[in-house]
Amino acid sequence: MTQTPSTEAVAITTEPDIVHVRQIARQAAIKAGFSLVQQTKLVTAASELARNTLVYGGGGQAEITLELTASTGTVHLTFTDGGPGIPDIEVAMTDGYSTGSGLGLGLGGARRLADRFEIESAPGKGTTIRMSISARRSA
Amino acid sequence: MVQVPIINIHGVLLISIQDELLDDSISELQQHISEQVIEQQARGVLIDISVLDVVDSFLARTLHDIAATTSLLAAQTVVVGMRPAVAITLVELGLILPGLRTALSVEDGLALLGRGNGTVRTGPR
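Going down the list, the protein sequences come from chains A and B. If you count the first sequence from 1, position 77 lands on 80 in the working numbering, and the numbers rise without skipping. If you count the second sequence from 1, position 83 lands on 69 in the working numbering, and the numbers rise without skipping.
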């Protein structure tokens, strides 16, 4: 019953791309059988992370993967940028921490909305953020 | 920018967001609203976000900033029509937006601002 996961990639180089990422994430969430609240959490997290990629990473790419098994639907989001990287990930995840104009809730907030969340980053090496949300599928 | 119409109802500016806005448009809207408050001598601002199925931290912060700005200009801002899933997500995101006044409908928002004939609902409809 497990289908091959399908992935869609979106380049993030301008503000309209953030809206585009939200739309693709929304479609995947619907296909995964998410409740309205789960859809909203996924799309909001996608928006936070896409903006992070654009503003702090200097642009990059999002990959939205839909994975369906007989009993669960999962949407995986991967954001990759070739920006300056994050020197101290724990500090960057702290609420209120921001090097830009934001509230500093982007990373920590997205982590709270996600079921799984990981960051790979080092100074000068860019940043990759992976997160996913899963839902039990009825029928 | 995306034009967001501003309607004046008895001294209250009603801004109905029609579509998802880009970050730049949101920032422009913030400036436009503050200018219109002065130009139209408004005492209140209602921002209807009922069409929005997502409010992320950028938009939430801007709504909060608009409310703080209009407050300095002697006009109260009320955010109207937030969807339940949006509210749940904002709280989880850590954005409780203290001080931001909300109402469920434009009528309730007008009532909250002491305009119009709406009543502030206390129980189910």
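Hints were generated in silico from the structure; no laboratory data involved. Where hints are given, some of them may not hold.
Here are the simulated distance ranges between beta carbons [said to hold, decoys possible]:
| hint | chain 1 | residue 1 | chain 2 | residue 2 | range |
| --- | --- | --- | --- | --- | --- |
| 1 | B | 57 | A | 73 | 30 to 40 Å |
| 2 | B | 74 | A | 12 | 26 to 36 Å |
| 3 | B | 54 | A | 38 | 12 to 22 Å |
| 4 | A | 94 | B | -6 | 42 to 52 Å |
| 5 | A | 94 | B | 54 | 42 to 52 Å |
| 6 | B | 100 | A | 127 | 24 to 34 Å |
| 7 | A | 61 | B | 77 | 26 to 36 Å |
Partner residues aside, some chain B positions facing chain A, computed with beta carbon under 7 Å [claimed, not checked]:
| hint | residue |
| --- | --- |
| 8 | 3 |
| 9 | 5 |
| 10 | 6 |
| 11 | 9 |
| 12 | 34 |
| 13 | 36 |
| 14 | 40 |
| 15 | 60 |
| 16 | 74 |
| 17 | 77 |
| 18 | 84 |
Covered, in the sense of this in silico footprint (three residues per stretch, anywhere, with C-beta under 8 Å from a C-beta of chain B), are these stretches of chain A [what the hints assert, rightly or not]:
| hint | region |
| --- | --- |
| 19 | 6 to 14 |
| 20 | 31 to 44 |
Small disclaimer: the values here were computed from a predicted structure and weren't measured. Cβ coordinates follow ideal geometry from the N, Cα and C atoms, glycine included.
Here is what the structure says about each hint:
Range check, residue 57 of chain B to residue 73 of chain A: Cβ separation about 54 Å, and the 30 to 40 Å hint is violated. Our hint of 26 to 36 Å for residue 74 of chain B and residue 12 of chain A holds, since their Cβ atoms are close to 29 Å apart. A hinted range of 12 to 22 Å for the beta carbons of residue 54 of chain B and residue 38 of chain A is inconsistent with their spacing of about 34 Å. Look at residue 94 of chain A against residue -6 of chain B: about 47 Å separates their beta carbons, and that is inside 42 to 52 Å.
Between residue 94 of chain A and residue 54 of chain B, the C-beta spacing of about 28 Å breaks the proposed range 42 to 52 Å. Evaluation of the 24 to 34 Å hint for residue 100 of chain B and residue 127 of chain A yields a failure: the beta carbon distance comes to about 57 Å. For residue 61 of chain A and residue 77 of chain B, the hinted distance range of 26 to 36 Å is satisfied, since their beta carbons lie about 31 Å from each other. For residue 3 of chain B, the suggested interface contact is broken, since its CB lies about 14 Å from the closest CB of chain A, more than 7 Å.
A distance limit of 7 Å between C-beta atoms decides the matter here; for residue 5 of chain B the minimum to chain A is near 10 Å, and the interface restraint is violated. Checking residue 6 of chain B against chain A: minimum C-beta separation of about 6 Å stays under 7 Å; hint holds. For residue 9 of chain B, the interface hint holds, the least distance from its beta-carbon to any beta-carbon of chain A being 5 Å, beneath 7 Å. Here the hint on residue 34 of chain B is broken, as its CB sits about 18 Å from the closest CB of chain A, past 7 Å.
With its C-beta approaching chain A no nearer than about 14 Å, residue 36 of chain B sits outside the 7 Å limit, and its interface hint is violated. Using the Cβ-Cβ criterion of 7 Å, the hint placing residue 40 of chain B at the interface with chain A is satisfied: the shortest such distance is roughly 5 Å. The beta carbon of residue 60 of chain B is not positioned within 7 Å of any beta carbon in chain A (closest approach about 26 Å), and the interface hint is therefore violated. For the restraint placing residue 74 of chain B at the interface with chain A, the shortest Cβ-Cβ distance is roughly 5 Å, inside the 7 Å limit, so the hint holds.
For residue 77 of chain B, the suggested interface contact is broken, since its CB lies about 10 Å from the closest CB of chain A, more than 7 Å. The restraint placing residue 84 of chain B at the interface with chain A is violated, with a minimum CB-CB distance near 13 Å, outside the 7 Å limit. Counting residues of the region 6 to 14 of chain A whose C-beta lies closer than 8 Å to any C-beta of chain B gives 0; at least three are required, and the coverage claim is violated. Counting residues of the region 31 to 44 of chain A whose C-beta lies closer than 8 Å to any C-beta of chain B gives 5; at least three are required, and the coverage claim holds.
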